[in-house]
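Q: The primary structure of each chain is shown beneath.
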Amino acid sequence: MLSIRYLHAGVEGKDILRGIDLEVKAGEIHAVMGPNGSGKSTLAQVLAGHPAFAVTRGEVVYEGRNLLEMPPEERARAGVFLAFQYPIEIPGVSNAQFLKAAVNEVRTRQGLDELDAMEFLELLREKLALVEMDQSFVSRAVNEGFSGGEKKRNEILQMALLQPKLAILDETDSGLDIDALKIVANGINSLRTPDNAILLVTHYQRILSYVTPDRVHVLVGGRIVRSGGKDLALELEAKGYDWIREDAGAVQPARA
Amino acid sequence: MSMVATPKDTYLAGFAALERAGTAAPAWLHRIRRSAIDRFAEIGFPTVRLEDWKYTNVAAIAAIAFPPVLAEAPAGPGAEALEPFAFATPGPRLVFVNGRYSAKLSSPASPPSGVRVTSLAEALVTDAAAVERHLARHGDWARNGFTALSAAFAQDGAFVHLAPGTRVEEPIHLLFVAAVPAAPVLSQPRNLVVAERESRATIVEHYVAVGDDTYLTNAVTEVVAGEGAIVEHYRVQQESRRGFHVGTTEVRQARDSRFTSGSVSLGGRLARHDLNVRFDAEGASCELDGLYVVGDRQHVDNHTLIDHARPRCTSRQLYKGVLDGASRAVFNGRVIVRPDAQRTDAHQTNKNLLLSESAEVDTKPQLEIFADDVKCTHGAAVGRLGEDAVFYLRSRGLGETAARTLLTYGFVSDVLARIAVEPLRARLDALLMARLRDARAKETR
Ligand SMILES: Nc1ncnc2c1ncn2[C@@H]1O[C@H](COP(=O)(O)OP(=O)(O)O)[C@@H](O)[C@H]1O
Ligand SMILES: [Mg+2]
Numbered sequence: 001m002l003s004i005r006y007l008h009a010g011v012e013g014k015d016i017l018r019g020i021d022l023e024v025k026a027g028e029i030h031a032v033m034g035p036n037g038s039g040k041s042t043l044a045q046v047l048a049g050h051p052a053f054a055v056t057r058g059e060v061v062y063e064g065r066n067l068l069e070m071p072p073e074e075r076a077r078a079g080v081f082l083a084f085q086y087p088i089e090i091p092g093v094s095n096a097q098f099l100k101a102a103v104n105e106v107r108t109r110q111g112l113d114e115l116d117a118m119e120f121l122e123l124l125r126e127k128l129a130l131v132e133m134d135q136s137f138v139s140r141a142v143n144e145g146f147s148g149g150e151k152k153r154n155e156i157l158q159m160a161l162l163q164p165k166l167a168i169l170d171e172t173d174s175g176l177d178i179d180a181l182k183i184v185a186n187g188i189n190s191l192r193t194p195d196n197a198i199l200l201v202t203h204y205q206r207i208l209s210y211v212t213p214d215r216v217h218v219l220v221g222g223r224i225v226r227s228g229g230k231d232l233a234l235e236l237e238a239k240g241y242d243w244i245r246e247d248a249g250a251v252q253p254a255r256a
Numbered sequence: 257m258s259m260v261a262t263p264k265d266t267y268l269a270g271f272a273a274l275e276r277a278g279t280a281a282p283a284w285l286h287r288i289r290r291s292a293i294d295r296f297a298e299i300g301f302p303t304v305r306l307e308d309w310k311y312t313n314v315a316a317i318a319a320i321a322f323p324p325v326l327a328e329a330p331a332g333p334g335a336e337a338l339e340p341f342a343f344a345t346p347g348p349r350l351v352f353v354n355g356r357y358s359a360k361l362s363s364p365a366s367p368p369s370g371v372r373v374t375s376l377a378e379a380l381v382t383d384a385a386a387v388e389r390h391l392a393r394h395g396d397w398a399r400n401g402f403t404a405l406s407a408a409f410a411q412d413g414a415f416v417h418l419a420p421g422t423r424v425e426e427p428i429h430l431l432f433v434a435a436v437p438a439a440p441v442l443s444q445p446r447n448l449v450v451a452e453r454e455s456r457a458t459i460v461e462h463y464v465a466v467g468d469d470t471y472l473t474n475a476v477t478e479v480v481a482g483e484g485a486i487v488e489h490y491r492v493q494q495e496s497r498r499g500f501h502v503g504t505t506e507v508r509q510a511r512d513s514r515f516t517s518g519s520v521s522l523g524g525r526l527a528r529h530d531l532n533v534r535f536d537a538e539g540a541s542c543e544l545d546g547l548y549v550v551g552d553r554q555h556v557d558n559h560t561l562i563d564h565a566r567p568r569c570t571s572r573q574l575y576k577g578v579l580d581g582a583s584r585a586v587f588n589g590r591v592i593v594r595p596d597a598q599r600t601d602a603h604q605t606n607k608n609l610l611l612s613e614s615a616e617v618d619t620k621p622q623l624e625i626f627a628d629d630v631k632c633t634h635g636a637a638v639g640r641l642g643e644d645a646v647f648y649l650r651s652r653g654l655g656e657t658a659a660r661t662l663l664t665y666g667f668v669s670d671v672l673a674r675i676a677v678e679p680l681r682a683r684l685d686a687l688l689m690a691r692l693r694d695a696r697a698k699e700t701r
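Quick note, the sequences are listed as chains Z and F, same order.
Numbering-wise, the working numbering puts 71 at position 71 of the first sequence, and it's gapless, one number per residue.
Numbering-wise, the working numbering puts 537 at position 281 of the second sequence, and it's gapless, one number per residue.
Worth flagging that the hints you see were computed from the coordinates, not collected in a lab.
Incorrect hints may appear among the rest.
[Unchecked claim] With the C-beta cut set under 8 Å, the calculated list includes, among others, these residues of chain F facing chain Z:
1. Thr266
2. Tyr311
3. Arg640
4. Asp644
5. Ala645
6. Tyr648
7. Arg650
8. Gly653
9. Leu654
10. Gly655
11. Ala658
12. Leu662
13. Leu663
14. Asp670
Cβ coordinates follow ideal geometry from the N, Cα and C atoms, glycine included.
Isolated chain F, as found in the complex (with noise of 0.2 Å):
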């Protein structure tokens, strides 16, 4: 047997590290995190040989040993680093360093009474009967390396509690900021949005990073909507270039509950999302956007699951991606609709934009119906701009940079549009319109 140590060996002692530390975690807890760590030990990180994992090979995660981060109170950037991310809303912002809340960055606001928004770890005391019937119980923990990683370490993350027929107006920002001083490291944080009945919010999980170094993000949020809730989720991905960012989004849907995503993805040097939303009650409806705009040598891969597996439920996908130099994006929809799942309505669209000849796109629909009276269409289109449009726009005094930018702009308008969350969609127009305009610039000079 061999002494040297492995990156997985870190994430063993790291475990243990937690364990001596003898943290506050209630034995529940203690014992999915043990349960965890074991299965992570017994699995490890997934491989190109799984089918889930067949277009993202996460081996270059594999290779690195990223330390988690265990500290309560990491040394976070200065509050000016964090201006460009952040929203002139008056809505609570809680902001997360490296995994793990902090007060200083924080501003919860005071939100309507009945309507939590606070730290996990907060949570796990003050919450403790909501954190329990609900955290790492949505979606199996037990299904690949990063989720069983996540489960192991669970000890931070937000918690947005709303009570029956509360409503919070304003977007909540949850802000993930990756400051790594010097050697890379790993940060999960765990996140769980319970609404209630009746409940309506909006949540925006925002990771960015304030340098440009090499850091795992390993992100687990879970989302219960019940009776006839709303809530509006985004999920924006803006790490650092030579970040890696493994998502997964879990939502639980009661009878008439409506749930939206907007899933933006721009940043990462290999960037993973899974959205698993199961319908578990009639009368569900999700509504699920994304977009990734990738470069230079980038991957970025988004997995969705619905699952019907009631009747009268509505689904609605639409994902765009626009991929230049030598990028690689994969997208995964798959449907089920189970036996009973009658009058089921479920559309899905993937369109891709490829900006240059090297980048590659993998684009799979997946629908399992076994169920007769349906409504369930798929499309997948791979493009390019049409040569004749460019034409047409230099033709009006546009230089071929400019031209291209609006026309590859105009492919993901329509997904911008749909972002309710005013300065969110205005700071994301004017970043992705720089950026396009940036990268054509690049490629013309």
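Next up, chain Z with everything else stripped away, as it sits in the complex (with noise of 0.2 Å):
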């Protein structure tokens, strides 16, 4: 589904990614692990388009379509989801505005009919309740206001409305207690399908006690330093990312 191969990537004058291969089938979930600083942000934010990062090397390839090439909303489209580490707020949007748009944008261009008030308001009802979110976030406005859990929390709501192929989750674990956890743990599982893939950035384990992942990847200095089995996430959860950096050698760590 997923082909990261020699990827390169920076902001102007600096480079983070610096050589990241990575193949994602169908059906899997990929733990891209790593101190902060690293890099994992930035290749979350690659992935999904973001114009402020500059791909120098290296090819994504995702369905058999050159993904670099594709503006982010057609990536969006074709079935690619980021959850952001930091969600944006948006003053003056409703929560209900702004998913609906989505939902049908992405609809519209995957040859569905738009979905009407009714019938968005009954799959908005379903997925509320999977993140059990009270129905009073649709009318606030986007993320504003909202607290660090409840942001993640939208973003997981997001991404069960979307229904992506391949969802890309920076960080949704950080800083959730441990029943928010398991709302999005819960989330995450919900999407788990044959056909779809999942590459979960996280800092720590923790959450992988919920979502089994099928690889786990070790990001340093921009390039992946180990990659393993879910085990290697028990690992680096005992020992730090310290002997990691130092097994890796060559590898120069990246200032956090």
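Using the hints, put the two standalone chains together into the complex.
A: Set out below in structure tokens:
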């Protein structure tokens, strides 16, 4: 589903990703772990198409298409979804208005009918229940005044509504209490089908007790320095990232 | 001395014609008109050398001769042409074509007893005493060339009089239509709203055009809010792309009265609105909301002046603007707190969103505070759409145009939401959505 080959990316005057190779097949969950500043969010944002990052080398193929040539909205319509580490607040636009616009945009591009107000509300009610969000969130401005946990749950709500093929979750588990963590994990697991894939960016092993990954990758200094099964996450949890840094030898640790 | 007729001569000649026609204006009005035309002859239109007009150059207006409309019954557009501007509310609607009342197009309904909703031309006859007490008495008509010119030709416009304790539930819709056959004209509606003690009404002044012509609207409205009266006032300016619009609203508030204003400016090549509120007694309050959305080479100027002349009054202002193309906006918010106006509460905010590189804003708060026990705040901001927010929306499948439109709409939505006349709010909502979308679509092509 997703092939990342020798991906180099950065912002003006600064290389952040320095040769990422990653292969994700349909039905798989991959965890990407790593210390702060190692480039996890950059990888996630580059995959979603953030214009602030320039890709300098390498390629990304998504379902046979050159992902990097597609504008962000095209990627979304083709089933790529990024849950932001820091969801953006949008004053003056209600969550309902935003969610309905997004759902219908994606539906029409996929050749489906737009949902009318009633159909949308019905779908929304169902998904709200999944993330245990109150109806009142719907009429509030997007993410405005939401607590950290509410913002994360709002991301999962969007994911549940848009039903992506490839979901990239950027530290959606960070800063959540155990109940919220379970809700988020539940949302992720409900998306898990043989046709979908999930890239789970996380700093901690914690969420991996609820969402079992097929592969775990460790990102340090803009490179994947180690890959393994789910046990690798436990090992990292026990030993921290330092041993990997040393292990990686030539790899320079990125500044946090 | 040059014998070439200047645009100014057009107004002086127009005035002479008005005098010759000897309309049945009372003596007191003749006196005001004559002093006003003398004043105009003396000062002409303002220039950028005047502090109040520093950022708004009206040389383009001064260069054109706009013959004043003197005729009583101008041939108006058909009723169908006004359909897009009508509200589906059963309230009274007065229609003015080029500033003159059109009985044919109006539906004054039958207001509750004690309430008069009619044309000024008629009220000069039927409500002579009330008109004489208030017309051209509020605010200084000698202040500039526009206000002087308005007073010189004061003859028609809307007249709303609410007797003590009366209420009009439905909004009173005053529709001013610019319908220019060929030559540019000067249309000068002169409106008077007198809300006596404990009365209440909602008034919508609505300036529209049926064509795409060059003309000048120079409108003056006086609002008198008596003790405990509540006046909700909306002013929606949708002049033609080539039209010029200058408006002055003078508000006088008695004890415990409440005045709310929604001033929306969308049209015109150059539009200026001066909104002057004076608190004449304690306990009065006003809420002034403003919204301007301009593009291309449009110029919009909002000047507000709140005179806290008495203690314990509250004013709140929120003006928001969206600028595209090479448009220009001016906001000047002056607040005066007089020495004995203790316990004044005054807040002012002006926020601007620039959608293009070449749009420009001049925003200036002007606080003059002479009392010490006061709460006064002001804030001004000029910004652009956040690129992270644009990306966030795009990452959810919205195209660039849709994303920018939605964010821009979000920027103005709080001001829109404060419009309490539902059909007006809905209409503006749809209009703005469509306009923002078109503007963005044009840009991304
Ligand atoms: N927009 C940006 N401009 C400049 N530096 C950036 C930008 N985004 C990220 N970086 C830098 O790139 C490195 C990787 O950041 P990030 O991808 O956010 O790491 P992580 O998500 O793993 O904590 C950090 O050193 C960070 O400061
Ligand atoms: Mg990060």
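Q: For every hint, state whether the structure bears it out.
A: Consistency of the hints with the structure:
1. Thr266: Violated - the Cβ of threonine 266 (chain F) stays beyond 8 Å from chain Z, reaching only about 46 Å at its closest.
2. Tyr311: The hint is violated - tyrosine 311 (chain F) has no Cβ within 8 Å of chain Z, the shortest such distance being about 28 Å.
3. Arg640: violated, 14 Å
4. Asp644: holds, 5 Å
5. Ala645: OK, holds: alanine 645 (chain F) within 8 Å of chain Z, min 5 Å.
6. Tyr648: holds, 4 Å
7. Arg650: At about 4 Å, which falls below the 8 Å cut-off, the nearest Cβ of chain Z leaves the hint on arginine 650 (chain F) intact, so it holds.
8. Gly653: holds, 4 Å
9. Leu654: Given a least distance of 5 Å, the restraint on leucine 654 (chain F) holds.
10. Gly655: OK, holds: glycine 655 (chain F) within 8 Å of chain Z, min 5 Å.
11. Ala658: holds, 7 Å
12. Leu662: holds, 6 Å
13. Leu663: The hint holds - leucine 663 (chain F) has a Cβ within 8 Å of chain Z, the shortest such distance being about 7 Å.
14. Asp670: Because about 6 Å separates aspartate 670 (chain F) from the closest Cβ in chain Z, which is inside the 8 Å limit, the hint holds.
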